[in-house]
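Fit chain B to the given chain A structure using the hints.
Protein chains: 2
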Amino acid sequence: LQRQHEAELQGFVNSLHPADIAFILESLPKTERQMIWRLVSAAFDADVLLEVSDWVRESLLEAMNRQDIMAATSEMDADELADLAPDLPPDIVTEVQKGLTVEERARLIEAMGYPDDSVGGIMDFEMVRVREDVSLEVVHRYLRRLPELPDHTDQIFVVDRQDKLLGTLSLSALLVNEPEIEVRDVMGTDYLSLSPLDTDSDAANAFERYDLISAPVVDGIGRLIGRVTIGEVVDVIREDSDEQALSRAGMQEEDIFAPVAMALRNRAPWLMLNLCTASIASFVASRFEDTVSTIVMLAFLMSIVAGIGGNSGNQTMTLIIRALAVGRVTGQNLWALIKRELLVTFLVGLMGSIVAAGFSWGISRSLPIALVMMAAMIANMLVGACVGVLVPMTRARFGKDPALGSSVLLTFATDSLGFLIFLGLATIFLI
Amino acid sequence: LQRQHEAELQGFVNSLHPADIAFILESLPKTERQMIWRLVSAAFDADVLLEVSDWVRESLLEAMNRQDIMAATSEMDADELADLAPDLPPDIVTEVQKGLTVEERARLIEAMGYPDDSVGGIMDFEMVRVREDVSLEVVHRYLRRLPELPDHTDQIFVVDRQDKLLGTLSLSALLVNEPEIEVRDVMGTDYLSLSPLDTDSDAANAFERYDLISAPVVDGIGRLIGRVTIGEVVDVIREDSDEQALSRAGMQEEDIFAPVAMALRNRAPWLMLNLCTASIASFVASRFEDTVSTIVMLAFLMSIVAGIGGNSGNQTMTLIIRALAVGRVTGQNLWALIKRELLVTFLVGLMGSIVAAGFSWGISRSLPIALVMMAAMIANMLVGACVGVLVPMTRARFGKDPALGSSVLLTFATDSLGFLIFLGLATIFLI
Chain A
1026 LQRQHEAELQ GFVNSLHPAD IAFILESLPK TERQMIWRLV SAAFDADVLL
1076 EVSDWVRESL LEAMNRQDIM AATSEMDADE LADLAPDLPP DIVTEVQKGL
1126 TVEERARLIE AMGYPDDSVG GIMDFEMVRV REDVSLEVVH RYLRRLPELP
1176 DHTDQIFVVD RQDKLLGTLS LSALLVNEPE IEVRDVMGTD YLSLSPLDTD
1226 SDAANAFERY DLISAPVVDG IGRLIGRVTI GEVVDVIRED SDEQALSRAG
1276 MQEEDIFAPV AMALRNRAPW LMLNLCTASI ASFVASRFED TVSTIVMLAF
1326 LMSIVAGIGG NSGNQTMTLI IRALAVGRVT GQNLWALIKR ELLVTFLVGL
1376 MGSIVAAGFS WGISRSLPIA LVMMAAMIAN MLVGACVGVL VPMTRARFGK
1426 DPALGSSVLL TFATDSLGFL IFLGLATIFL I
Chain B
1026 LQRQHEAELQ GFVNSLHPAD IAFILESLPK TERQMIWRLV SAAFDADVLL
1076 EVSDWVRESL LEAMNRQDIM AATSEMDADE LADLAPDLPP DIVTEVQKGL
1126 TVEERARLIE AMGYPDDSVG GIMDFEMVRV REDVSLEVVH RYLRRLPELP
1176 DHTDQIFVVD RQDKLLGTLS LSALLVNEPE IEVRDVMGTD YLSLSPLDTD
1226 SDAANAFERY DLISAPVVDG IGRLIGRVTI GEVVDVIRED SDEQALSRAG
1276 MQEEDIFAPV AMALRNRAPW LMLNLCTASI ASFVASRFED TVSTIVMLAF
1326 LMSIVAGIGG NSGNQTMTLI IRALAVGRVT GQNLWALIKR ELLVTFLVGL
1376 MGSIVAAGFS WGISRSLPIA LVMMAAMIAN MLVGACVGVL VPMTRARFGK
1426 DPALGSSVLL TFATDSLGFL IFLGLATIFL I
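Which chain is which? The protein sequence lines are A and B, in order. Under the numbering used here, the first residue of the first sequence is numbered 1026, with each subsequent residue one higher. Under the numbering used here, the first residue of the second sequence is numbered 1026, with each subsequent residue one higher.
Bound conformation, chain A alone (with noise of 0.2 Å):
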């Protein structure tokens, strides 16, 4: 019974899309994904292993012996082994090295020199190429001789003999003009193309600003060496927008069945930064000890003069990250941009310390208490909006990731300076 159930089960898998197959791997605890992959038919192993997360790919060649490995990567193109390469034996690498052609190990090895945040990184080398003194009835000729298009062909490259690139033949200028016509009369010269040490993200842009399909890369002599599809493309932008959101609580890319072990490690560092930022700010408040065992209401109002600080500048700090990230933010507006947030904070914050002085108020029955509340407020959400708007531009200025780090220095200082204002304030004028 259990064989026939696991029959059914590998027809199931074996008649879905590798991506579906490789969603579904994603989302199962290590020992189920491993008996699943187990299943999968060997001629879907190497789309499934592209299509899964990092993560996920470790787990899965764990389960897979050198032939399998060998069989699955002997399908594959340059660009795709260099992906994969990282995670592989490297006597296997060594060895799928040696079936290749001598092209393809160029290849694969300028692939591999990329980082893997650049252009390089994500190009791939399934390109047509055409000269650009032949007329468009010889390209159809060619194109017929291949078995498909690569993926995501939406032109074809026009080079000279030493591969420079002259311009780009798009598919519809092939089709809607007439076989007569040469090459060079409709090709496009005003073209987008891409170094392959531009970042991904630049790539990226480029391609949401201009509605692209592909764009060749070239090198520094104007020489066509790959080109970067959309496909690789809305990958990079939904690994940024994660990324960014992970980063900003502090995490990197964790499978929600990863081992509690790899989760561990994954957290605690920013818990522990958190904790220590914390301490110090709780260490600056009892500084007032005095203070607050005079007036014990004061312990309770002060952490709404820190989280409140936190949270307004958490919003001027989003909006800045946003701008950054889209390159809207430069030096020459910077001096606007934080006047503008000092103004906006400082009527938001005005009406909200209307509304703690009320309650203030209300718990101690002092004016005093709610008017150094009232102005506690002011000053710490306006320390918040200049944390909020320096802090991101001062990390992106030393080419740093502006999310990254921002949220706990803006955390430390608005609970540290609210502390220290607040219960200064107190100090001063109510004791």
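It is possible that some hints are incorrect.
As the list claims (entries may be wrong) - Cβ pair distances, simulated, as ranges: (1) A:Asp-1079 <-> B:Ala-1068: 44 to 50 Å; (2) A:Arg-1170 <-> B:Leu-1064: 49 to 55 Å; (3) B:Gly-1352 <-> A:Glu-1268: 15 to 21 Å.
As the list claims (entries may be wrong) - EDC-like, lysine to aspartate or glutamate: derived pairs with alpha carbons at most 20 Å apart: (4) B:Lys-1123 <-> B:Asp-1112; (5) B:Lys-1364 <-> A:Glu-1129; (6) B:Lys-1364 <-> A:Glu-1268; (7) B:Lys-1364 <-> A:Glu-1057; (8) B:Lys-1189 <-> B:Asp-1112; (9) A:Lys-1055 <-> A:Glu-1279; (10) A:Lys-1364 <-> B:Glu-1279; (11) A:Lys-1364 <-> B:Glu-1051; (12) A:Lys-1364 <-> B:Glu-1057.
Rather than coming from a laboratory, the hints here were simulated on the basis of the structure. The beta carbon of each residue, even a glycine, is placed where N, CA and C say it ideally should be.
Structure of chain B alone, referenced to chain A:
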């Protein structure tokens, strides 16, 4: 001189790609934006208007007179008009409608009927359709009569006389096969089709998973009514991720140069909500006034307990929201997820609470206080983990955006319960 300067600027602006003009307009304060907009050649008006974000479009339309708007809109397709219509004065919409053909008017009304975030809201009507019983040669001849193919055409749709979709003919199949072959022999029949009422996020997930460039949209009885292209999908992916980042900070889309009044309306409600929850938490803590006035050090430690619970819960919540977005969390693995998060949180909490206990001992020189700190911190982190899993899942179950509002609830829970647990334990064991 001023005028010469302006002429130069005009020449420069109009040499740019409409997408670049849109980007520049988005990056400028309102006055400068409207000044530059007046320099943009009327020929680009339509493209730029369609390219800019909603909040910028309003200010551009403000700066145009009736005639300019009519001229710009008269060039647009039905689906583009439908996007723009909500921002236009109603009498202009009526007038533009009069200038359309019967077919275009029907499309415009259809497109305007679908919600913004549905497939119907992002589809366009520019498709090439062919019959299944013709040869590829006939298709070629038909295409050569077009001025160009619609943007993002990677496939042609094969329909019958009733416009029922029978299959799709990829340009690749069209180009690599011999002209004598009939369409029906090379068309794909295993294609993904969308319904106009699917959400745009579902469409984006499908495009991402299957690496699509375009997909047909069919009605309930299988008739082809439109198509969705990767150009629109990339915008949806980017907007979804922007929206998520903003909504976690309690904001909506905001121009960094939007009028201050607009910014106030955008930010104040969420800050007020946070102020209320912080006040309630502070009120909960103030019920322990006697305990705190006996041991003042508790006042400085309680904010650490509350803060770390919120941070830890935020990590869990970020992970769950992300997993929910790609459909990886279901009712079925809920229990496994909660158990895992509780375990991970307990272990991180154990490590962290040892550090926190050390700090507590350091500033209070009291072992009992350190032990209460330890227990309260672990307990509050577990509260954060439960809220971090359950709140987004519950919101998603009821069809609400899991990100929006979840973080307010999380902070509320970890603050109030953090104070309650810590001061409660202190009252029981230390007083």
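Here is what the structure says about each hint:
1. Restraint check, Asp-1079 (chain A) to Ala-1068 (chain B): a C-beta distance of roughly 47 Å satisfies the suggested window 44 to 50 Å.
2. Range check, Arg-1170 (chain A) to Leu-1064 (chain B): Cβ separation about 51 Å, and the 49 to 55 Å hint holds.
3. At roughly 20 Å, the beta-carbon separation of Gly-1352 (chain B) and Glu-1268 (chain A) lies within the given 15 to 21 Å, and the hint holds.
4. Simply put, Lys-1123 (chain B) and Asp-1112 (chain B) have alpha-carbon atoms about 18 Å apart, close enough for the 20 Å limit, and the pair holds.
5. Taking the CA atoms of Lys-1364 (chain B) and Glu-1129 (chain A), the gap is about 48 Å. The hint is violated against a cut of 20 Å.
6. A C-alpha spacing of about 25 Å is found between Lys-1364 (chain B) and Glu-1268 (chain A), which places the hinted pair above 20 Å, so the restraint is violated.
7. With a C-alpha separation of about 18 Å, the suggested pairing of Lys-1364 (chain B) with Glu-1057 (chain A) holds against the 20 Å cut-off.
8. For a cut-off of 20 Å, the pair hint linking Lys-1189 (chain B) to Asp-1112 (chain B) is broken: about 34 Å separates their Cα positions.
9. Straight-line distance between C-alpha atoms of Lys-1055 (chain A) and Glu-1279 (chain A) comes to about 13 Å, which keeps the hinted pair within the 20 Å bound.
10. At roughly 16 Å between alpha-carbon atoms, Lys-1364 (chain A) and Glu-1279 (chain B) fall within 20 Å of each other, so this suggested pair holds.
11. With a C-alpha separation of about 19 Å, the suggested pair Lys-1364 (chain A) and Glu-1051 (chain B) falls inside the 20 Å cut-off, and the hint holds.
12. Of the pairs offered as hints, the one joining Lys-1364 (chain A) and Glu-1057 (chain B) holds, with about 18 Å between alpha carbons and a cut-off of 20 Å not exceeded.
Of the hints listed earlier, those the structure fails to meet are numbers 5, 6, 8, in rising order.
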